[in-house]
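Sequential numbering from 31 applies to the sequence shown in the numbering used here.
Incorrect hints may have been included.
As a list, the in silico SDA-like pairs of lysine to any residue whose alpha-carbon atoms are at most 25 Å apart [said to hold, decoys possible]:
no., residue 1, residue 2
1, Lys47, Glu92
2, Lys76, Val43
3, Lys47, Ile35
4, Lys47, Val57
Restraint-style ranges between C-beta atoms, simulated for each label pair [to be verified]:
no., residue 1, residue 2, range
5, Ile35, Pro68, 16 to 22 Å
6, Val57, Arg82, 18 to 24 Å
7, Lys47, Ala90, 15 to 21 Å
8, Arg75, Pro36, 17 to 23 Å
9, Thr85, Lys47, 17 to 23 Å
10, Gln83, Ser49, 31 to 37 Å
11, Ala61, Ile35, 26 to 32 Å
12, Trp89, Ala48, 30 to 36 Å
13, Asp71, Gln38, 25 to 31 Å
14, Gln83, Asp44, 16 to 22 Å
15, Pro36, Pro68, 29 to 35 Å
16, Pro36, Asp71, 15 to 21 Å
17, Asp44, Arg79, 14 to 20 Å
No wet-lab data here; the hints were simulated from the structure.
Note that the Cβ used here is the ideal one computed from N, Cα and C, for glycine as well.
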Amino acid sequence: MLENIPGQVMIAVDPHKASWTAAAVDVSLRALATIRVPVGDDGYRKLRRFARQWTNAEWAVEGRHRPGCAADEPSEQ
Numbered sequence: 031m032l033e034n035i036p037g038q039v040m041i042a043v044d045p046h047k048a049s050w051t052a053a054a055v056d057v058s059l060r061a062l063a064t065i066r067v068p069v070g071d072d073g074y075r076k077l078r079r080f081a082r083q084w085t086n087a088e089w090a091v092e093g094r095h096r097p098g099c100a101a102d103e104p105s106e107q
């Protein structure tokens, strides 16, 4: 959950079978940037690079713990 901390960002990820879509939002829920990447090692690395733009980012992944969710077991960096 975002608190009213200046510069705090949430990386919200919507995982699908073939792609992950992510949006970085600020405490006002204003979209700062979005990205769509393919599921897999390369896509995971792209998501990590995307998130590094913000030093105070937290992650939220939709359906994170449902069976078979591709985002449950990301590759090593």
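Here's how the hints hold up against the structure:
1. Lys47 - Glu92: Holds - the C-alpha atoms of glutamate 92 and lysine 47 are around 13 Å apart, at most 25 Å.
2. Lys76 - Val43: Holds. Lysine 76 to valine 43 sits at ~13 Å (cutoff 25 Å).
3. Lys47 - Ile35: Violated: lysine 47 and isoleucine 35 sit about 34 Å apart, past 25 Å.
4. Lys47 - Val57: Not OK: lysine 47 and valine 57 at ~29 Å, beyond 25 Å, violated.
5. Ile35 - Pro68: 16 to 22 Å: Hint violated: Cβ distance 32 Å, outside 16 to 22 Å.
6. Val57 - Arg82: 18 to 24 Å: 19 Å Cβ-Cβ, so the 18 to 24 Å window holds.
7. Lys47 - Ala90: 15 to 21 Å: 20 Å, holds
8. Arg75 - Pro36: 17 to 23 Å: 29 Å, violated
9. Thr85 - Lys47: 17 to 23 Å: 32 Å, violated
10. Gln83 - Ser49: 31 to 37 Å: Once the Cβ atoms are compared, 20 Å apart, the range 31 to 37 Å for serine 49 and glutamine 83 is violated.
11. Ala61 - Ile35: 26 to 32 Å: 18 Å, violated
12. Trp89 - Ala48: 30 to 36 Å: Since the Cβ atoms of tryptophan 89 and alanine 48 sit about 20 Å apart, the hinted range of 30 to 36 Å is violated.
13. Asp71 - Gln38: 25 to 31 Å: The hint (25 to 31 Å, Cβ to Cβ) holds, given that aspartate 71 and glutamine 38 are roughly 29 Å apart.
14. Gln83 - Asp44: 16 to 22 Å: Taking Cβ atoms as reference, glutamine 83 and aspartate 44 lie about 19 Å apart, which means the hint holds.
15. Pro36 - Pro68: 29 to 35 Å: 34 Å, holds
16. Pro36 - Asp71: 15 to 21 Å: 34 Å, violated
17. Asp44 - Arg79: 14 to 20 Å: For aspartate 44 and arginine 79 the Cβ distance comes to about 18 Å; the hint holds.
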